[in-house]
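Q: Please model the complete structure; the sequences and the hints are all you need to start from.
Going line by line, the protein sequences match chains Y and V.
In terms of the working numbering, the first sequence opens at residue 1 and continues consecutively.
In terms of the working numbering, the second sequence opens at residue 94 and continues consecutively.
Derived by calculation from the structure, the hints in this document are not laboratory data.
Ideal Cβ positions, reconstructed from N, Cα and C, are used throughout, including at glycine.
Hints are not guaranteed to be accurate.
What the hints assert, rightly or not - Short derived list, chain V residues pointing at chain Y, Cβ under 8 angstroms: (1) A129; (2) M140; (3) T159.
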Amino acid sequence: MENAFLYCSLFLSLLMLISLYRGVFGPTVLDRLIGANAIGSKTVVLLILIGLLYGRVDMFVDIALAYAMLNFIAVLAASRYFQKRKGLYDEVE
Amino acid sequence: MDIIVTFLLICGLIFFTGGAVGILRFPDFYSRLHPAGKLDTMGSLLMLTGLALFNLHHFSLGALLTSLKIILIVVFVFLASPTAIHGIVDAGMRAGLAPWSKGEERR
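A: Written out as structure tokens, the structure is:
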């Protein structure tokens, strides 16, 4: 069962790399925000997998809960901040 | 028990794969929000349910409490993830991003 958890963690890390492409090369700021949100929602699952691998899931579940809340608050705050911004189309001149 | 947990984990990974490929390949900002909002939430639900079931393997009060906390994370993700995606859509609409239509160049 530990091997299954290990391969699931590896595959999730690969998916996080795919999402990171959108975070790095996204054409607008909000595309980067989508990439960051996707990475955060995968990290919550990855933290509990790490906790099961280490045998300390009672500690890691609190970290995962705090991370989910922090991800939610960060995305909401960033989207409120970029609401009135101009220049979402071409940010790099 | 192990078979059920592995099945749930693999189903969740399939949903996460669809979400990642959708974020990578959809042509437009608004259509990219669709896999980011739905498939990540469903993948989190399946994988965390499987992990909560595995945690109840050796039953005790502490393990039950930990599994309840994992289910609490699922409930929080179900509330928070669509709300965050809706916030991003709202920011895009108010900043004046035009939606993609057929025949235009992919952004």
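Q: Now tell me if each hint is right for this structure.
A: Hints, verified against the model:
Hint status for V:A129: holds, given a least beta-carbon distance of 5 angstroms to chain Y, under 8 angstroms. Restraint check, V:M140 versus chain Y: the minimum CB separation of about 5 angstroms is within 8 angstroms; hint holds. Hint on V:T159 holds. Least Cβ distance to chain Y is approximately 5 angstroms, under the 8 angstroms limit.
When the structure is compared with the earlier hints, no violation turns up for any of them.
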